Amino acid sequence: MSNAQNPAVTAGLAHADPDQAKKVRAGSGRSRAGQVNGMSRGQNILRYVVLFIGAVLFLFPFYYMVIGSLQTTPDPTIAGAFPNPANITGQNYVDINSRINLLQGLVNSGIFAGGVILCTVVFGVLVGYALAQLEWRGRGVTFGLMLLVQVIPFQLLMIPLYVMIARDYGLADTYAGMILPFAINSTAVLVFRQYFLQVPKALFDAARIDGAGELKILWSIALPLVRPALLTVVLLTFIGPWNEFLWPFLITKETSLQPLAVSLANYLTNIAGTAANPIGAVLAGACVLAAPMVILFIIFQRHFVSSDIGSGVKG
Amino acid sequence: MSSTVSSGSVTPSPAARPAKPGGGGPRRGRRRPRRGRNPLGLLLSAPYLLFVLLVFAYPLVFAFYMAFHDYFFAAPGAVVDRPFVGLANFQQVLTDPAVIRSFGNVGIFLLINVPLTVVLSLVLATALNKIVRARTFLRVSFYVPYVTASVAVVVVWLFLFNSNGLVNQILGPLAPDPTWLINPLLAMPTIAIFVTWKQMGFFILLYLAALQNVSDELYEAAATDGAGKIRMFFSITVPGVRPATVLVLLLATVTGANLFTEPYLLTGGGGPNGASSSPVLIMYQRGIEQGEPGIAAAIGVILVIGVLILAFIQRKLAGGDES
Numbered sequence: 026m027s028n029a030q031n032p033a034v035t036a037g038l039a040h041a042d043p044d045q046a047k048k049v050r051a052g053s054g055r056s057r058a059g060q061v062n063g064m065s066r067g068q069n070i071l072r073y074v075v076l077f078i079g080a081v082l083f084l085f086p087f088y089y090m091v092i093g094s095l096q097t098t099p100d101p102t103i104a105g106a107f108p109n110p111a112n113i114t115g116q117n118y119v120d121i122n123s124r125i126n127l128l129q130g131l132v133n134s135g136i137f138a139g140g141v142i143l144c145t146v147v148f149g150v151l152v153g154y155a156l157a158q159l160e161w162r163g164r165g166v167t168f169g170l171m172l173l174v175q176v177i178p179f180q181l182l183m184i185p186l187y188v189m190i191a192r193d194y195g196l197a198d199t200y201a202g203m204i205l206p207f208a209i210n211s212t213a214v215l216v217f218r219q220y221f222l223q224v225p226k227a228l229f230d231a232a233r234i235d236g237a238g239e240l241k242i243l244w245s246i247a248l249p250l251v252r253p254a255l256l257t258v259v260l261l262t263f264i265g266p267w268n269e270f271l272w273p274f275l276i277t278k279e280t281s282l283q284p285l286a287v288s289l290a291n292y293l294t295n296i297a298g299t300a301a302n303p304i305g306a307v308l309a310g311a312c313v314l315a316a317p318m319v320i321l322f323i324i325f326q327r328h329f330v331s332s333d334i335g336s337g338v339k340g
Numbered sequence: 012m013s014s015t016v017s018s019g020s021v022t023p024s025p026a027a028r029p030a031k032p033g034g035g036g037p038r039r040g041r042r043r044p045r046r047g048r049n050p051l052g053l054l055l056s057a058p059y060l061l062f063v064l065l066v067f068a069y070p071l072v073f074a075f076y077m078a079f080h081d082y083f084f085a086a087p088g089a090v091v092d093r094p095f096v097g098l099a100n101f102q103q104v105l106t107d108p109a110v111i112r113s114f115g116n117v118g119i120f121l122l123i124n125v126p127l128t129v130v131l132s133l134v135l136a137t138a139l140n141k142i143v144r145a146r147t148f149l150r151v152s153f154y155v156p157y158v159t160a161s162v163a164v165v166v167v168w169l170f171l172f173n174s175n176g177l178v179n180q181i182l183g184p185l186a187p188d189p190t191w192l193i194n195p196l197l198a199m200p201t202i203a204i205f206v207t208w209k210q211m212g213f214f215i216l217l218y219l220a221a222l223q224n225v226s227d228e229l230y231e232a233a234a235t236d237g238a239g240k241i242r243m244f245f246s247i248t249v250p251g252v253r254p255a256t257v258l259v260l261l262l263a264t265v266t267g268a269n270l271f272t273e274p275y276l277l278t279g280g281g282g283p284n285g286a287s288s289s290p291v292l293i294m295y296q297r298g299i300e301q302g303e304p305g306i307a308a309a310i311g312v313i314l315v316i317g318v319l320i321l322a323f324i325q326r327k328l329a330g331g332d333e334s
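Those sequence lines, one after another, are chains G and X.
Remember, the numbering used here sits 25 above the position in the first sequence when you count from 1.
Remember, the numbering used here sits 11 above the position in the second sequence when you count from 1.
Bound conformation, chain G alone (with noise of 0.2 Å):
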């Protein structure tokens, strides 16, 4: 779609712009033929070199994971950035599981996300489709309080938070503990306050001429049409407790509980020297943490669009 602006861009181009000529050229030499087609292309290619280059970049660290992860001694040579059939293991795999149990890290990850994304997804609706829809006394300082809280930042609610969920209430190693402060995504509500407004009023309305209650409105009409921002809103969702690791870390300290991130964290700073090849282990582990995100990612990768995440930034 902004590819309709090419032939316009093009055109302009033609002009000759002494200023934009030298800036260009550092990147390509081919623009200062100044023809008309051969600069666009030449800009076009420029583009995409600059974009592999830096996409290279960002996916290379994830390729020398996995390789890493497989070597039977680790090879940090440029030669070892290859697979070679001869260096190739799972023991690295085994290894870490035998220190640090991955599947319930995994599980313990899982439930520490499911949880946040449970209660998100369930009163982040509710409070969503009031804010939207529903007219109320204190609607307007609940949503200030709501882009309040996105400022708020968490470490100074850090130490306070440790001192009340660990101490007082005395959910330290428990998930309610983990989940507590993360329980409702405020992002997640504005997704969701966003989608309830873009529900033509006039639909509702008809409802409620008809005699519906606002929670029969809410059940069959506004949420079969939120679904798509459904999906969108626990994917983001899921990528904060998963990844989070200062949280959990405060608050367990018993093994059997903590998330992957944590577990494998300690592993890295307490004990990785006692394994064979200790870092081939952490790679592994490392894969292992990365993986259910990266290829949720990748599935459902055209749900992160970026107005969806736009407009519940913007509010």
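Source of the hints: derived by calculation from the structure; they are not laboratory data.
Not everything, but these chain G residues come out facing chain X in the computed CB check (under 10 Å):
| id | residue |
| --- | --- |
| 1 | A80 |
| 2 | P86 |
| 3 | V147 |
| 4 | V152 |
| 5 | W161 |
| 6 | L181 |
| 7 | M183 |
| 8 | R192 |
| 9 | F207 |
| 10 | F263 |
| 11 | I264 |
| 12 | A290 |
| 13 | L293 |
| 14 | L308 |
| 15 | V313 |
| 16 | Q326 |
If you're wondering where the values come from, they're calculated on a predicted model, not measured in any experiment.
Glycine included, every Cβ here is placed at the ideal spot set by N, Cα and C.
Assemble the complex: chain G is given as a structure, and chain X must be docked to it using the hints.
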């Protein structure tokens, strides 16, 4: 709590069509549909409001309370005297060279991370916005670090930036000694680059969204007037995405102030010799490891005030209110 009740009352008729009459609850607002107040809204929002009260409002007040008191951990339920100490915690914090160092480190971090983030993510988003081929592949590759756990990618960076790691192997004689993460001068910049790389995908996403709001007509008009692409970028794109830039500046600053995982894991707890420590790391060490939550809370308060001041300055400089 109340919402479990309300959602429960919905379940009996999930498939009910709204056209069915008789389903209407007590709706006082119908007589005055414009101004009609719907108390149900408050009920539906109650769980969220309770959550905000419990997890944000109360701890916020508690944080300030701690910062001004000689707070210490006691057995749950024990009544102990925690005297008001005024600014003593702040005085102790502000005269502690380790704390000063950590704030300086965040300064270094922000000086590297924020400009890099803004420039690179805007350039990459602009480039991504116009392409047709391989769009999905490129988008996905930029977002992948963002969606991956820090802990997982930190491990790879440790491997890459080892003294005999791949980066130094490629650099050969140019490799710094001592190597990146144990070099007092390079530890913080390396962390800053790591975080830039890690977070870039999110900011590209924000800019991509903002670019959709920049009207194509502006570019067409500029093209008619003979503006080149570079000129268009600076005269149309950059001002066009200014609200997003304000947001990106703010979020990048907050991310920097929140720094914990990277110094904790990449440099083994802020090493070498505190050269990569961060305020949150010190808060963890003082508040929880050494049992001085009052000190940690005071650091937190100072940090937040610092972020607010920075955000205010950025807002003034970058100008423009959000749409």
